[in-house]
Amino acid sequence: MSQHIQMTVNDQQVGPVEVPEGLKMIEFLHEYLNLTGTKFGCGAGVCHACTVIVEGKNGVSEVVRTCISGVERFVDKKVRTVEGHAKRNAAGEITELTPVQMAFLEHFSFQCGWCTSGFINETTALMERLAQAPVAAADVEQVIEEALKEHICRCTGYVKYYQGVKDLILNTKGLTY
Amino acid sequence: MNSFSSSRRTFIKRCVISGIAVYSAPLLWKMGNSQAGGLSEALTAQFKGNNKLKFRMDGIAKVTGEKIYGRDYRAMDMPGWPDQQGYAYILRLDDAGHVYQGFDLNMLPQQARPGQVITAKELARDGVSLPPFFGSDMLLPEGKTAHYLGHAVAILLFDNFAAFKQAKNLLQFNKKVIRYGEKTAFVSESRDPYTSWRIIREEGESGPSGEDKYSPLQDGIFFPNYKAHRPQWPEVMDQQGSVSERGMYYAGRINEDITGGNENWQVLEREYRTQIIDPMMMEPEAFNGWFDEKEGTFHTVITSQSPQDYQEQAVHMLKHGPLAGKVKNLVVHSPFIGGGFGAKDHSIFPYYGLVAAMYAGKPMRLANDRFEQFQAGLKRHPFTMKNRLAVDKKTLKIKALTADMTVDGGGRVNFTGSVTMVGATALQSIYYIPRNDIKATAYASRNPDSGSMRGYGTLQSMATMESMMNEMAGDLKVDAIDLRRANVMESGQRNTQGAIPNGALRYREMLDMAQQHPMWLERAAKKAAFEAANPGKKYGVGFGITTKDYGTGAASPSAAVRLSKSGKIEVDICFMEMGTGTQSSQAVVVKDKLGVIADKVTVAEVDAWQAMQQIQTHNPYFINQQQQDEMEKNPRWTPVIGMASAASMSSYYQTHATKAAAEIIFRHGIWPAAVAIWSEKYFNGTMAPNNLNDAGAARWVDGKLTTQGYPPLSIEVLAKRVHDMGLVTGAMVHAFNRWAWSEATYDILGQEVNLEVDGLALQYGDGANDRLKAAMNSKGYHLLDRTSVNYPETALNNAMVTYYAPCAAMVEIAVNEGNGEVEILNSHTWLEAGKVIVEELVEGQIQGGLAMGVGHALYEEIPSFEDGAGNGTWNLNRYKVPKADQVGVWRQQHTILPPLSDTDPSKGIGEVVMISIVPALVEAVYQAISVRFYDLPMTAQKIKGAIS
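Those protein sequences? They're chains A and B, same order as listed. Quick note on the working numbering: the first sequence kicks off at 1 and runs consecutively. Quick note on the working numbering: the second sequence kicks off at 178 and runs consecutively.
The hints are simulated quantities; they were obtained by calculation from the structure and are not laboratory data. These figures come from a predicted structure and were not determined experimentally. Some clues are possibly wrong.
[Stated by the list, open to error] Below 20 Å or equal to it, Euclidean Cα-Cα: the simulated EDC-like pairs (lysine to aspartate or glutamate) are:
id, chain 1, residue 1, chain 2, residue 2
1, A, K149, B, D1062
2, B, K345, A, E21
3, A, K87, B, E218
4, B, K225, A, E96
5, B, K1057, A, E150
6, B, K225, B, E893
7, B, K570, B, E446
8, A, K149, B, E1000
9, B, K231, A, D167
10, B, K225, A, E106
11, A, K166, B, E1017
12, B, K574, B, E667
13, A, K149, B, E998
14, B, K570, B, D652
15, B, K1057, A, E146
16, B, K574, B, D659
17, B, K704, B, D656
18, B, K881, B, D871
19, B, K574, B, D656
20, B, K770, B, D879
21, B, K231, A, E96
22, B, K505, B, E489
23, B, K229, A, E106
24, A, K77, A, D11
25, B, K231, A, E106
The shape of chain A in the complex, shown without the other chains (with noise of 0.2 Å):
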């Protein structure tokens, strides 16, 4: 049994693919459109380091776990990956990052960086949340928490993914009162 299946992967359209029955989304990702920078962990929705973001119509994002996501669950969907974060040049070079990248990257966040991509789609996801519904400032650790809770990471211990991320939140306009 096989299916066809069409979406929008960052800002590129894909498909008609076909793809057997049961084909998870990160399989998809993977082995059907080399997009490798969404990073399997657990295969059982546990680790979250495979999430990515499928963009909403009403312009807030939902999170969303590729290794237990069948790919049928995005088919005419606009799905970012991680790959799909920083801005590239005519040649493809990447030229600029956003600004949750570099929050991490200027706070060592990671170590060996598996978990990353999924930080990053989680931690973007929440800035778009609260650009449209702010929080107090008093209460940014709380959201973090909320937000971030179900990610693991084995090498750093999270302290300074949760330092970057909170420093982003307070630093960005907008987005706390």
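Add chain B to chain A, keeping to what the hints say.
Okay, now just chain B, sitting in the frame of chain A:
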């Protein structure tokens, strides 16, 4: 010589092993440095900041999802490979108590059938076997019983992903696939122990620093015989006898005294158990390989901490099997790894991938999913330790320590021997022990094999010593830190092996700081207040301090530093980037000598060192002094050529080599060039001596070199002059450390210099004379012969370990009486890291180490045997690694002790940072609920049970 021009697609020949030329492409052509193919140069150059590391060199690639890990690569990514990627799947056994009788693939529909199936029959037919390090039965033959749960029986090769995916869905977890026969004994029950160690020491009349009456360093080491698969230690006890007889004499005395009921002694006897831990590195192991028959070249992509070892072993495997005689070249790509924690060091995994690709005839990928990684990946050894500690009730001094450790090595031997030894040496923690008898034996079992996972045995043993000190303090009714202060090892005192730890021991300083911390001073008052304010919660504070050895006693780092004519600095190192920041820190290391951060650092280099043409002949641990004396006459000889990468090794060992290479360029390139410029432009150089004779008086200020008030010179200006004058522009070194660095004498441009390296090759600038230019004929380097060498004596092998880095942790917790959950309210870590290279990277190690220690103490656990990881059903839904809200993410504090001076070495701290929190948590739980745990982890369920 400007090596910046070399093509990234050029594989560099490393050496020839058994007739096969080995090449490596350490990080694939795309990611060999920070100037990655997909990143703009202007962006990547930002990592250097204003000559202060702004972010990790590998950082941009990691936040943008670039292909940098071995698992990322498919055939289509590999130039020259066919696009069609094949996929391999390994069938494994989940029963080690019945005869294996074959497997059944009939449930697979036609389109999901494997194109090929490799079993023990094919391997036997073709003479393919594992490297000896891993033992036998790579694939178990029919009719035999699995050595361990998870033993592989077949490798299935699929032509495409769809077939592989469908087949795996049907085969994994399917109990009908494997056929078992009659019940048998476990294979492990018929095997002798993997290893046995005994560390006996009795202090001599001259005290802690004087000559011992008996110790391994002074007297040597002896081993038991095995009878009925158990160690039988010598029975003869003779104070005047052989090494073993004398050892047994002193061991007997120690044990007699500790059991003798001395009323002045407080004796604590306890049994401790640690659990099987999975390293849970985020990237499961993966492999990709293809044999290019036309070219006779076998290409492989691995995820390994020890690519050097893989290269050698893979070559030997390729000598047999379907490609015997066909493989002329082996290319090994070893990209970044997504965490390793020791479990990707000497892993058996890539050899299964190698066999798959060997038979496939097409690109073949083998990649564990998490279930498979749990089932087949290396684990942390579980220890059972029966410890006895005797303390003088009046003086609070430790009088004696004994231990009997049993270690489970799993079904295949890996680094069990050395892990067991290091675990035994670590028991003493930070304390001076005047008399000790520490036994440790490792056994085979049907568990998955354990290896060199982070801690290397010390986490298991040292945490128990700390728990004993905490409990002993309670028994003696003294402050737990006061008891430690009474016993802390001072600089110059001997360890349990009789060796003197190198350098200053700053344990007392750390204890003083901890004892003055408000968390400690106010713990009684806070407990009362907290529990009054939080009914149903119990409060506790715990403390632990440990000191972890780093090094192997046969460390052999290599480094090359090159200065281009435009002032760019390029560094090659032998260490792998495991995430700890080795690449970035080594870029910073050269700044001390060359004024600026390096522009490029190539990690995991294995080829370039061939320029030094070194040879290795003996096992460095077993070579005797006579052999060493004979071999060292050959200037090409070194005790060990290469080394694996480990988290606690790069900052000390790799830094030594990198610094040595940078220093040579400074002394024999930059300094004479600077003197020439200063003399020429800013001094009446022809009329008087310039008095610029002391290179040690030179200072780098804001990236420019000055001395004695002379105008600062930039690296660009200096580099041009170095090249124009034909001075040293590149230095490649190899060093060897057996608890001291070897030293050798060389002639560099007419100067006799003594260096702490045993291999040296140089490059010179354009202005060099024809003789020097002609001499650069060893892969572009001028290979220098040492004129003398001084290696550390082989007897130092008996020291076992002498380099230590200490860490202390204090933790404040609340225990929920209702569900047994532990909440970390606050924590403080103290770390003595020597000279810190990059503070942010050290902080990351502290915080990450604490999280992993929290996992070991509270959450992570795999049962042994049939219910354990070897059954193939384990994943993160059952194996609980700590999350942010379980480590007190917002309330972690730390103190990094300032170095004694800027000449302090940078210490290896990658492992010690995770140990102290374990006994601190054990004690904090005790202080909270008055129940002391001896088995780890202290899960919420166990705590709840203990409370009720």
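Hint check results:
1. A/K149 / B/D1062: This hinted pair holds, its Cα atoms lying about 7 Å apart.
2. B/K345 / A/E21: 13 Å, holds
3. A/K87 / B/E218: 14 Å, holds
4. B/K225 / A/E96: Cα-Cα ~17 Å, so holds.
5. B/K1057 / A/E150: Status holds; Cα separation ~12 Å.
6. B/K225 / B/E893: 16 Å, holds
7. B/K570 / B/E446: Holds - the C-alpha atoms of B/E446 and B/K570 are around 16 Å apart, at most 20 Å.
8. A/K149 / B/E1000: Measuring from Cα to Cα gives roughly 15 Å; hence the hint holds.
9. B/K231 / A/D167: This hinted pair holds, its Cα atoms lying about 16 Å apart.
10. B/K225 / A/E106: Distance of about 12 Å is within 20 Å: holds.
11. A/K166 / B/E1017: 17 Å, holds
12. B/K574 / B/E667: Satisfied, since the Cα-Cα distance of roughly 13 Å is no more than 20 Å.
13. A/K149 / B/E998: 17 Å, holds
14. B/K570 / B/D652: Answer holds: B/K570 to B/D652 is near 10 Å, not above 20 Å.
15. B/K1057 / A/E146: Answer holds: B/K1057 to A/E146 is near 19 Å, not above 20 Å.
16. B/K574 / B/D659: Holds: B/K574 and B/D659 sit about 11 Å apart, inside 20 Å.
17. B/K704 / B/D656: This hinted pair holds, its Cα atoms lying about 16 Å apart.
18. B/K881 / B/D871: This hinted pair holds, its Cα atoms lying about 17 Å apart.
19. B/K574 / B/D656: OK: B/K574 and B/D656 at ~14 Å, within 20 Å.
20. B/K770 / B/D879: Holds - the C-alpha atoms of B/D879 and B/K770 are around 13 Å apart, at most 20 Å.
21. B/K231 / A/E96: At roughly 16 Å apart (the allowed maximum being 20 Å), A/E96 and B/K231 satisfy the hint.
22. B/K505 / B/E489: Satisfied, since the Cα-Cα distance of roughly 14 Å is no more than 20 Å.
23. B/K229 / A/E106: 12 Å, holds
24. A/K77 / A/D11: 11 Å, holds
25. B/K231 / A/E106: This hinted pair holds, its Cα atoms lying about 6 Å apart.
When the structure is compared with the earlier hints, no violation turns up for any of them.
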